[in-house]
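Asker: Residue strings, one per chain:
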Amino acid sequence: MGRTVVTITQQLNETERMLSPFRRTLRRNDQYVFDGLFAAARRHIAAIGQEESLLPFESALLAMLLEQSKEIAVLQQKIEELIKKNG
Amino acid sequence: MAEAIGWLLDVYAEEDGIALWLLTDDDKRLCLHMDFDITFYAAGDFSLLRQAWIFLRDKEVRLERKVRHDLFLGERDVLAVTTSNPARIQKLFSELQRQFPSLDYYDADIPITLRFIAQTNTHLLGRCRVKLDDEWIENIEPLNSPWEIDPIPIPLRILTLTPDCNPVIRKPRSLKVQYQKNGYNLQLDSPRLFMIGLKADLKHIDPDLILTDYGDTWLFPQLSIWSEETGIELNPNRDENRPVMTRKADSYFAYGQVTYRGAQSYLFGRWHVDRKNAMSFGEYGLEGAMEQARVTGIGVQEMARKSPGAGITAMQMLTALRNDIMVPFQKQQVEGTKTLIELIRADHGGLIYQPLIGLHGNVAQIDFSSMYPAIMVKHNISPETIGKEDVLEGLVPKTLRPLLEKRLMLKNILSDLNPRDCRVEILKARAAALKWLLVVCFGYLGYKNARFGKIESHEAVTAMSRELMLQAKEVAEDMGFTVLHMYVDCLFVRQEGFQKPSDFAPLMNAIEEKTGIPIALEGVFKWVAFLASKRDARVPMTNQYFGAFQDGTLKYRGIELRRRDTTLWVRKIQLAALEILAQADTPEEFANRVPDVQVLVERAKRELRTGRVPLDELIVCQKLSRTLDGYVSPSPAARAGLQLQAQGRQIAPGQSMEFLFARNASGVHAWELEEVLDPGRLDTKRYFRLLDRAMRTVLDPCRPLLVPERLL
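Residue numbers (my numbering), protein chains in the order written: chain A, -8 to 78; chain B, 43 to 754.
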């Protein structure tokens, strides 16, 4: 399967390749964060694939946002726990 | 009228019918004959059919106009061509097809065994009763079914012939002859004495199966050379009127890779299986190949050498023959037209859910049993039923149903048996052989050359599987489980406080109730590690994991240990490391075992450095994906191939190259080269890198995911 239509993994790889001049221009620190965005999208390849869209990168962006929201929620919880602990 | 009862050993075409070998209850091997008519069909433009009629009428065939069923087109007017000479059908059909290429042909290339089985309801290796007039069969009656779970085993005489070395590397000096518990070595230095000795053994033992190593590629071709040299005739066939049938070596592309198959030697009246040239023999051995022969109708000699795809095609042909459906000579169904969005919607595989990276404790692995075939059977998915409601059971589900039921029954019996029971190994092999048939059956729905395939039915199966997996995930989450990973037909779940297999029973019942497909608990892991990409530790890798079940058994997928191109040395050390880690009962204990693994690795490196590792443990085995001149920058395997080519060896795509990494100009040393590598020239640094990489795989999971300092 995925013989006729390219797979989501292939599409993400292709998008990443197209954005390589953008990535190259970023500072080394920012490049690591940039790679993290794609890593976040790759954690949701199954969900992006289920979305029957002509532009799967929209769903990939959503997946990146989702991971960020998750991280914020975790950090918020940790801060609240610390505040509670320290009075 | 005489009568005989026994097992059906072999069936093949003759000029005046078919020959049939029966292994009787009183231990005789009878060669019997039977009149057998063969019919094939042509359909198409009426004026062309009329010309075909004229072309055929003086060729000793019976011609009739008939109406027959095409699976996709319904009833068709056809020209039926019948001959009483089964050995002639191929030639006759080729002539007709050459003259009338635009006609549609049916039933033109059905193996004779399938026609025989469909007509007599017997099966290969099955028991039957024959009524005889001298050597001619008047009547044949089946005494059991291929779907019987515990058939009476066929008492085969097996003669094993093994040369003392791989003939590709070195000229063998002797051949080990083994029959039952007796074995001896037959020297090869005098071909004359060897031929006399082997001839005497064949006559004395009269084996039903000659099981060889390198029989296809070395022994049988060599026998005909020695026969010419010495003037001693040696026909390894039981049917002495036949020569050995040989097929040339070939390379072909299947399942995503180029595969090389050596020349093959087939016998009549007995079987020859070359263990070194049998595609799936390693998976399930002789018992498995015999089980496949029983249910598919393809002989053991062929089934051992062919892919299970040939078996499933044969089973579909049998279903078609039994249901008066014509078997098209060529596939006629093409993919239906779709819009782009329809294509995007349809063109998906199974659901693969990225795992949560890291070590997890008390994880249950739940598998759907034969998910795809079960979907095909339950939802009646077949190329001719796709998109239709309330239709009769399709050809594919009809073929699969008994196969699926038999495998599930074998698995149930296996799960009830003590692992030490002597029946376990045989049952396992038979279940594995059936599993492979079921596995490829799904693939064949979408295979471009499958006669009963249609891509839409293939897509329907994957669409249904994705839906079922999502349903399973939802059921698990509703019951408070975390789904760690899903891979096509299995899911990994955990929940705090759940660790015994019985803790997961309610979840399994709920999933089975929701999806209607049987599921099984593969086991509960004490701990399991899902791996991250080596390039970026934040990216999870699908189907790359290792873990220890509660009884200490290890399970690993996608790591070096599973790869055929990993050296035995690295595999042994990685396995030893996992065995150390398997002593840990929790993810926390896992970290405590790491120092022991590091000691193991240091010791292994020391052994390599001091030359105490046998060279054959360091062999790397890689396949050639193309011809040697097709490489722009030759891979290590290609460089090894070039070394062998320089010594006059023929190298073909798909062949596996064995080599050592060496400190020389090409960086490798082909294992099959005549000169042995000086151990001092071994590229130990390269082997250390391979080992370090394998060790990173097993130790990385206990390392926390750190944000690099450079970010801050």
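Rather than coming from a laboratory, the hints here were simulated on the basis of the structure.
C-beta atoms are modelled at their ideal positions from N, C-alpha and C, and glycine is treated no differently.
One thing to keep in mind: the hints can contain errors.
Stated by the list, open to error - Derived DEER-like restraints, expressed as beta-carbon distance ranges:
{"hint": "1", "chain 1": "A", "residue 1": "Q22", "chain 2": "B", "residue 2": "R738", "range": "20 to 26 Å"}
{"hint": "2", "chain 1": "A", "residue 1": "R14", "chain 2": "B", "residue 2": "L398", "range": "45 to 51 Å"}
{"hint": "3", "chain 1": "B", "residue 1": "L398", "chain 2": "A", "residue 2": "Q67", "range": "38 to 44 Å"}
{"hint": "4", "chain 1": "A", "residue 1": "N4", "chain 2": "B", "residue 2": "V109", "range": "53 to 59 Å"}
{"hint": "5", "chain 1": "A", "residue 1": "Q68", "chain 2": "B", "residue 2": "E630", "range": "56 to 62 Å"}
{"hint": "6", "chain 1": "B", "residue 1": "P637", "chain 2": "A", "residue 2": "S60", "range": "55 to 61 Å"}
{"hint": "7", "chain 1": "A", "residue 1": "S60", "chain 2": "B", "residue 2": "E630", "range": "28 to 34 Å"}
{"hint": "8", "chain 1": "B", "residue 1": "E659", "chain 2": "A", "residue 2": "L66", "range": "56 to 62 Å"}
Stated by the list, open to error - Under the rule of at most 27 Å between Cα atoms (straight-line distance), these lysine-lysine pairs were calculated in the DSSO-like manner:
{"hint": "9", "chain 1": "B", "residue 1": "K576", "chain 2": "A", "residue 2": "K61"}
{"hint": "10", "chain 1": "B", "residue 1": "K665", "chain 2": "B", "residue 2": "K318"}
{"hint": "11", "chain 1": "B", "residue 1": "K318", "chain 2": "A", "residue 2": "K61"}
{"hint": "12", "chain 1": "B", "residue 1": "K318", "chain 2": "B", "residue 2": "K373"}
{"hint": "13", "chain 1": "B", "residue 1": "K213", "chain 2": "B", "residue 2": "K173"}
{"hint": "14", "chain 1": "B", "residue 1": "K556", "chain 2": "B", "residue 2": "K647"}
Asker: With reference to the structure, classify each hint as holding or not holding.
Answerer: Verification of the supplied hints:
no., hint, in the structure
1, A:Q22 x B:R738: 20 to 26 Å, "holds, 23 Å"
2, A:R14 x B:L398: 45 to 51 Å, "violated, 27 Å"
3, B:L398 x A:Q67: 38 to 44 Å, "violated, 21 Å"
4, A:N4 x B:V109: 53 to 59 Å, "holds, 54 Å"
5, A:Q68 x B:E630: 56 to 62 Å, "violated, 23 Å"
6, B:P637 x A:S60: 55 to 61 Å, "violated, 40 Å"
7, A:S60 x B:E630: 28 to 34 Å, "holds, 30 Å"
8, B:E659 x A:L66: 56 to 62 Å, "violated, 50 Å"
9, B:K576 x A:K61, "holds, 24 Å"
10, B:K665 x B:K318, "holds, 16 Å"
11, B:K318 x A:K61, "violated, 54 Å"
12, B:K318 x B:K373, "violated, 33 Å"
13, B:K213 x B:K173, "violated, 50 Å"
14, B:K556 x B:K647, "violated, 53 Å"
Going through the hint list in order, the structure does not satisfy hints 2, 3, 5, 6, 8, 11, 12, 13 and 14.
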